[in-house]
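Engineer: In order, the protein sequence lines correspond to chains G and Y. The first sequence begins at 1 in this note's numbering and counts up one residue at a time. The second sequence begins at 1 in this note's numbering and counts up one residue at a time.
By construction, these hints were calculated from the structure, which means they are not laboratory data. Among the hints, erroneous ones may be present.
Among the chain G residues that face chain Y by a calculated CB cut under 8 Å, a handful are [said to hold, decoys possible]:
no., residue
1, L73
2, H84
3, L153
Glycine residues also receive a C-beta, built at the ideal position from the N, C-alpha and C atoms.
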Amino acid sequence: MTHTWKSVAMACAISIVFTAVLGQILAPQPLTYGADDASTKIAQADEAVTQAFIAVADAQQAGANVSTLLARLNEANAVLAEAHTDFRNIDYVTASQKADQAFNEVQGIAGDAESLKRNAESDSNGRLVWTASLSSVGLILFSVACLLGWRLLKRRYMKQALETRPEKVDQT
Amino acid sequence: MIEMGDFKLLYAASCILLGLVILAPTVALVVRLPEGERFSELYVLGPGHMAEGYPFNVSVNSVYRVFLGVGNHMGGLEDYVVYVKFRNQTESLHGDVDESLFEYRVALRDSDVWEREVSFSFSERERALVVDGYSVAVEKIVAWNNQTSGFYCQLLFELWHFDGVSAFEYHNRFIGLWLNVSVPT
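If we strip away everything but chain G, and leave its shape as in the complex, we get:
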């Protein structure tokens, strides 16, 4: 009987210890961001937003429509501004979270911008070749038309000049 109670007590003790250890492992850890952590995260977000901006600016300069990317970039910009303000207010936890959010929001923008840039450059080159070809053909046709027109006009001019020339009167 005593042996049974001992076993039960032992089992309970083991269960309690096991539950406590498991609870410690699985319990959500409190967020403890310091100034250095927050500063690092903000610097990373700053860098990511800057790179995204440069990529979008390049794409726009190449003639791409960057409206969607710009909207995404500005959402990240707004969150990043809040992160900076939270950091100045010594709210490092919120600053770190917002920096992470801004960092995540700009992920993929640089890649999308690069793709848009390539498409825009390809379109631009195609447009240039097409326009130059049309202009060249137009110019050749126009030159031929000018030469033919000149011949026609010259002939009419000469004919008119001959008609208006005073006739020689025979005196004999």
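Given chain G, work out where chain Y should sit, using these hints.
Structural biologist: Quick look at chain Y alone, frame taken from chain G:
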């Protein structure tokens, strides 16, 4: 009757002119014409969305509203930061970024204008300036101004823009709203 030489010249000139018109679309794709003056605009409007009625006599726990706007006329995409600062009469006008209390960031295309309503108030309980709901502790010593008989502070909006390489630089534009903080509550 027109001389043959003159006629030939007139015809050749007309042909060249029309030839240039045909070439114009291609030339337009290659040649970049000089653009106009490049600049950015920073403006603050009063609560009625006009350049009047700006908050001046302020007291604690009252909310004041202005409209802050940035316009891009730089010929391309620009990334801007507007720093909101709070200074007394003796502090330097353009100090460090660290002196800013609040900031707005926006990327704008050429000819785009960004505008938003900015609210601010002074919280007596928190001894803070509240900008757009963000409470920012402000520790300022404001001296009595004998000339105008009052205590004055300035809410400053500074425009910075991305230098195109790695950092933001001051864009030589700021707007300051003088606030008379000596009004009894």
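Engineer: Any of the earlier hints contradicted here, and which numbers?
Structural biologist: none
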